[in-house]
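Peer 1: Given the coordinates of chain A, assemble chain B onto it according to the supplied hints.
Those protein sequences? They're chains A and B, same order as listed. So the first sequence is numbered by full-length UniProt numbering: it starts at 1 and just counts up by one. So the second sequence is numbered by full-length UniProt numbering: it starts at 1 and just counts up by one.
Honestly, the hints are just simulated from the structure, not real lab data. No experiment lies behind these values; they were computed from the predicted model shown. Mixed in with the good hints there might be a few duds.
Pairwise CB distance ranges (calculated) [to be verified]: (1) A:H508 with B:E211: 51 to 61 Å; (2) B:H178 with A:R563: 52 to 62 Å; (3) B:R334 with A:R563: 50 to 60 Å; (4) B:N248 with A:S378: 34 to 44 Å; (5) A:R563 with B:K176: 55 to 65 Å; (6) A:A368 with B:A86: 22 to 32 Å; (7) A:E507 with B:K252: 54 to 64 Å; (8) A:S388 with B:K181: 46 to 56 Å; (9) A:E191 with B:T18: 36 to 46 Å; (10) A:L385 with B:K98: 53 to 63 Å; (11) B:E211 with A:A368: 54 to 64 Å.
All C-beta atoms, glycine included, are put in the ideal place defined by N, C-alpha and C.
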Amino acid sequence: MYKQWSVDLNSDAKLMPKQVESSLQPNGEKTSPISVILVSSGSRGNKLLFRYPFQRVSENTSSATSKQRSPYVLNTSGDSVEDQDGDSREQTPLTDEQLVAGFSDSILATILATKSDMCGKKFELKIDNVRFVGHPTLLQPPHTIQANADASVINCMHNLSRRIAIALQHEERRCQYLTREAKLMLAVQDEVTTMTETDGTPQSPFRQILPKCKLARDLKEAYDSLCTTGVVRLHINNWLEVSFCLPHKIHRVGGKHIPPEALERSLKAIRPYHALLLLDNEKALLAQLPLDCSPALVRLIKTCSAVKNLQQLAQDADLALLQVFQIAAHLVYWGKAIIIYPLCENNVYMLSPHANICIYSPLAEQFALQFPGHDLPSMLAKFSLPVSLSEFRNPLDAPVHEAQLIQMVVWMLQHRLLFQLHTYVCLMVLPVEEEPGLWEEEPPLVTRVTGRSLSTPSALSFGSPTSSDDMTLTSPSMDNSSAELQTGGDSPLNKRMTETLLASLTEHERQAILRVPAAQNPEDLRLFARLLHYFRGHHHLEEIMYNENMSRSQLKTLFDKFRSVLVITNHEDPIISLFQSPPD
Amino acid sequence: MGSYRRIDCIFFSEFHPTLGPKITYQVTYIRHEFFYVYIITKPELQNKLITVTAMEKKLIGCPVCIEHKKYSRNALLFNLGLVCDARTKTCALEPIVKKLSGYLTTLELESGFISNEESKQKLLPILSTLLEELNVTGACTLPIDDSNTIHLKLIEQRKDPLVVQEYDVPVFTKNKDHFIKSQWDLTTQQILPFVDGYRHIQKISAEADVELNLVRIAVQNLLYYEVVTLVSIFQYSNVYCTTPKVQNLIDKKCLQEECIHYVSKLGQRTNLRDVFQLYCGLTPGTTVRDLCSRYSHQLQRVDERKLIQFGLMKGLIRRLQKYPVKVVRDERSRPPRLYTGCHSYDEICCKTGMSYKELDERLENDPNIVVCWK
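Okay, chain A solo, but in the shape it has when bound (with noise of 0.2 Å):
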């Protein structure tokens, strides 16, 4: 979904949002290449074209030139978390440089130049603790190496390489852009060997290189980007231009990675009721954009707010759900914005296990600095117990210091030092002895509504821009029968809905509900049995309401009358929450 965007955020290292603790965890490193090497490989032989960080001293390359097959290679350093061979040990304790300063030049280029066979694949090698990874192209086949590094952060790497690969591969078609730059490699590699060889003084050819070669300087600043911000972006040939983001540097939370897998499907399931939190105010934000990002997602920033649902989003902004969604989702994965539920008075937030309370946390500096005569840990000492909006916000209070309060909320959130509580139901009757088919016959309900309402949008269910209705809050299940439930009075028709709503339970499970008292009102039996498939403890309240289109109230009153055969919990959103805690 990623890859087809045009859209390519750029990160200056100044203004990216800073990393979430990491004072305080050493991961930084671990998803880090640990150098960066350009390898050809021809009909004369193999060489190595460059590599940064320099070796202090330099090998004697003997010259060739480049022809076709051009391999380019990445080191990177990974992880903790199990790698690509299953092994998830600690790095052990020799640093980066000892590890692939080991390698001479030429040994590179022997290893790391391969077969035309291998090329258009992916391609990996690990000596001892050292791995590259790669991706052998035709012409420029760029490599990425990595030792003990996350799977995925392999797959990254390799992207990245896949990516300047298919730009080098462009350009030298265009114009020989690698040939030529290949050449003033080899070239001052040539003159340095010969001074060494009149001077006898040792010096690395490939510092020299740098200055003379925008591939080198594109190559060096895509290390840099990789090892600080994990964004880059460069301009191959100051003409083409790649844009990377490594998720696993960007998406941490409480010093360990988002796996971008969790992070996928935490996207794929957000709903038109969610809202969309950026990290960063707007003006920082549409200052890192291109000139020539697409106008919808400038609307969209513009129009953002965190009281706002996607939905309404879609509607200011004038764009189509499905648009909004994917805009998001890009925005979300590049770290920019966070998924969460609009804020409200109702809102119940919690502090996070997570959160990093500590007084000599910079967090706490920043928010002293963001709001004077302010302490974090003060602040976040009222959430200890879940407290909603309205309470936290003293209604005698002069309205500027309200909105003051609601943002240190949102900073909070940004911050990933709150999540928002949910209310969560489920049907629960008492017991008879030896009932071990208690829940069969309930997922058969489940599944079949699950193809309905409540998955991702399509453009269809909610029309596209230009149909006149249907961009209001109203839910999507108003076209289906239950709608005729509303009608009211105590139709056969109505009561035989109700009836095959309950069917699906055991006999035991019905007889449980009629025998509640509430039960004998005809039209809250109907609504009870209408919202039955919410009842497995997998749907909030929030979600209820919007779907259903009904009011707080309503359901809490429901849910009070049926209380003895229900049980309610709250606990935070599985499906958001992952923005605010790393996954187990």
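Peer 2: Same frame as chain A, now just chain B:
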């Protein structure tokens, strides 16, 4: 997961004095031409474990070079390697390859096993046996000649365990009685009777009369093999709350059974509804004591300590710890050491010997201290 260790091919390769690098023996055929540079390598790469992944295959080898005048070209180069599917998790195979290369080196140095054409032929049946036994049983014991036997075993690599703190409580994940105690080291044997799921490390150390660090290491070892897991100290004043995983109790039948069996009082059997209500009754601000008085009916057949233990072990609930934070107003006063927001009540009480009540009383009177629960 099925093919996570399967070896597709074992080969023995050497540098022939006239023909160059070749695969002398291989069990099941694999195209190797592309990999020669990684099999018979330059000196710089010798004795290094090399894994190359390309073209849907992974090749693991360890090139060896033995230098001696008696060999043509003054050196014997060989490599015994494995080939698997590219998606295989091969880290358990790496020590096997290294060990095999070590064995062959020894054999060559002792009796010229490889350089002698006759004895070298024995390699082919050896490779076949290795391939079969490693794939089927994960282990292989193979006599080579009168004085040498190969012992190999595939050992799963596990994640490094968490650091064990003095206030952590180890609890067995499986039935304690299933363990053959004599298989464990002496320290572990000494502390085992005290690992009851309620005693924390400091207490175990005191009662078993074993030094604290040794207890820590022993428990860490048990953690590594997933024999125990860690929970927090149980007190009736503790506060817990549910996590989204509590819904697993509704979704997973086997978990339901396990739970009911674990938490029911001796000789009794509770039901799912009572248990689920109890877990959902755990909320921020509610102590276990409160739970006991509110849900006394449900607790008739449930042991609350086991309930909490099970909930923590399976991640259905989590403990809310108290963290005192000194909100520093006065520049001149000493910076706080323990009241920084980094140390929980559990930790502070353990380290200072204070009880919770004492700590509470002390902090209540200090206007500069706020308490965060998380």
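Peer 1: So, for every hint listed, does it hold in this structure?
Peer 2: These are the hints, each one checked on the structure:
For A:H508 paired with B:E211, a C-beta distance near 58 Å keeps the hint of 51 to 61 Å intact. A hinted range of 52 to 62 Å is violated for the C-beta pair B:H178 and A:R563, which are about 43 Å apart. Remark: the range hint 50 to 60 Å for B:R334 to A:R563 is upheld by a beta-carbon distance near 53 Å. Remark: the range hint 34 to 44 Å for B:N248 to A:S378 is upheld by a beta-carbon distance near 36 Å.
For the pair A:R563 and B:K176, the supplied restraint of 55 to 65 Å is violated, since their beta-carbon distance comes to about 41 Å. Taking 22 to 32 Å as the suggested C-beta distance range, the pair A:A368 and B:A86 does not conform, at roughly 52 Å. Between A:E507 and B:K252 the CB atoms are about 24 Å apart, so this pair departs from the stated range of 54 to 64 Å. For the pair A:S388 and B:K181, the supplied restraint of 46 to 56 Å holds, since their beta-carbon distance comes to about 54 Å.
For A:E191 and B:T18, the hinted distance range of 36 to 46 Å is satisfied, since their beta carbons lie about 40 Å from each other. Between A:L385 and B:K98 the beta carbons are some 56 Å apart, a value that agrees with the proposed interval 53 to 63 Å. Taking the beta carbon of each, B:E211 and A:A368 are about 44 Å apart, not inside 54 to 64 Å as hinted.
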